[in-house]
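Undergrad: What follows is each chain in one-letter form.
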Amino acid sequence: MAQHVKQVGSRSLPKIKTVIIAAAAYVIAFVFLFPYLVMVLTALRPQESLRNATYLPETFEWSNLTGFWTSGLADNLLVTLKVAGGSTILVLLVALPAAYYTARHNFRFRTAFLILVLITQMFQPTAMIVGIYREFYQLGLVDTIWSLILVNGGFNLAFAVWILNAYFSSIPRELEEAAFMDGTGRLGALFRVTLPLAMPGVITALIFTFIAAWNEFVVALTLTTSPENQPLTVALNSFIGQYQVDWQNLFAGSVIATIPVIILFALIERKVVSGLTAGSIK
Amino acid sequence: MTQAGRTRTPWLYLLPTVAVLAPLFGYPIYMLGLLSVFDYRQAQVSGGEPTTFIGFGNYATLFGDPRFWSILGQTVVFAAVLVIVTLAVGAALAVVLTRAGHWPRLLLSLAAMAAWAAPAMTGSTVWMFLFDADLGLVNQVLGIDGFNWFYDRWVTFGVVGATVVWHSFPLVMVMLFAGIQAIPVSVREAAALDGASEWQSFWRIIVPMLRPLITIVVIQSIIWDFKIFTQIYVMTNGGGIAGQNSVLNVYAYQTAFGSSEYGLGSAIGVVMTLILLVVTLFYIRALHRTGEKL
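Protein sequence lines, in the order shown, are assigned to chains A and B. Following numbering that gives the first Met the number 0 from start to finish, the first sequence increments by one per residue and tops out at 281. Following numbering that gives the first Met the number 0 from start to finish, the second sequence increments by one per residue and tops out at 293.
Be careful, since some hints might not be right.
What the hints assert, rightly or not - Ranges between beta-carbon positions, derived for each pair:
no., chain 1, residue 1, chain 2, residue 2, range
1, A, L91, B, W202, 39 to 45 angstroms
2, A, A73, B, P22, 28 to 34 angstroms
3, B, G54, A, D245, 21 to 27 angstroms
4, B, S259, A, A111, 16 to 22 angstroms
Everything labelled a hint here was simulated from the structure, so no lab data went into it. In this text, a Cβ means the ideal position worked out from N, Cα and C, and glycines have one as well.
This is chain A alone, in the form it adopts within the complex (with noise of 0.2 angstroms):
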């Protein structure tokens, strides 16, 4: 049949695939933007006009954005950006030592040390979210920003020591003795050279863990009680209620907690894939 196809209209039929390809790429990636599309008009529909809306609301009410800076939800953008900051920082200062010397040294337990970091990205924190809370009760960190940076650090850092462990081993060691031959001693080298070169992988790590820790839910949602320490993501959830959704106020919190992370990630996209498929192709 398809043999049959080709012979026929071998001339005319890959111009129509390629249209059709191109059409249905384009309806595909309209479908999975729509949400987002519906999360901004909502955002600024005027209350009243929820019911009975017509597609495309008639007035844009700017104010419902303005208002998000207003209503407490700017703490909440505080509190999240805190946290997804410094599991950011923290995540950098441990990974890059760990990184950098299984990528230049041989030691005994290097397979054994990376293999637990991996297993460690296996597990989320929602299936020990109970011994979760229950070591920072004993510690006296529920509730506390701490608590949610260093969860967050913990549970992003497999991905950190691996993607910059695969960066650094790429960088011949020969750059390195060169820079070390000309003076520049072992720390010079490494700062002069090899740093700079694994920048885009040092890059990758840092707003891969920035999302994450950005979008985190469960835990934030089980650690922090009250109002004023909860991220972005526990404080929208409060806008649900059993019987009543405050859609306007949701949607316009929503919009707020959802740009930044995608114009984060377009700009690593391509990186987190290579690092994510790295060793999986053959």
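We have chain A already, so just place chain B on it with the hints.
TA: Chain B alone, transformed into the frame defined by chain A:
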């Protein structure tokens, strides 16, 4: 570096990682195991009753509870369906990506990645709104105003599942796309010249050549879909009507923090952790087979 220096220094570099990971994984897992063999509820937390060791009592309660088995069952079925649908959608779109021109490809991958990068929380809320009985666009378009999508157990699972797939297929799509790109063009061209259809070349060429990658994608999807929490918790308001849409994670959370049955909640957490550990071992074996340098 001297030989002596080489043997001593690893710990200097690795210690920070160990210092972060050990207390964040070791201790909670230890605590989880410990709590799971104690009668530990609100009364014990507040000091009203002494904490008593009950051995495998919590596990006995759990395994004797038909509700646990039904939740375990629906967790497995839900995850299995999600894995299959995610893979099907991801693979189909990966093929579309390879065939599409520059602009459609760019737009599609950006749209998909936007769905992936966004918080599960906001994705859940917007899908909830789309399927809202009174305000939702879906009911408006279908002309079934007032139909409640979050009433029937399986319909609810369907909507939540669609949200999960929307959020998780992009990763599968992009990984498979990267894999297909890595297949030499000559191989694909040769197949086309031999008259292989799109469908045939997918199953006879792409799938066999990408088997290692597909194994990893499958296992990652299993892990991802097995530990779904946010979508269920947010969209069904903590597990649906009478907890009918609960999955293991949500059940553990509700048992521990909703009903203050910390011991029992820990036992569920242990079961979850063991299941994830088994899947993880398969993952590491799969990575090893693909020749990942460890």
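Undergrad: Work down the list of hints and note, for each, if the structure agrees.
TA: How the hints compare with the structure:
In this structure the hint that L91/A and W202/B lie 39 to 45 angstroms apart at CB holds, the actual value being about 43 angstroms. Checking the proposed 28 to 34 angstroms range against A73/A and P22/B shows it holds: the Cβ atoms sit about 33 angstroms from each other. At about 47 angstroms, the CB distance of G54/B to D245/A disagrees with the hint of 21 to 27 angstroms. For S259/B paired with A111/A, a C-beta distance near 39 angstroms fails the hint of 16 to 22 angstroms.
Hint compliance for this structure: hints 3 and 4 are broken, all remaining hints hold.
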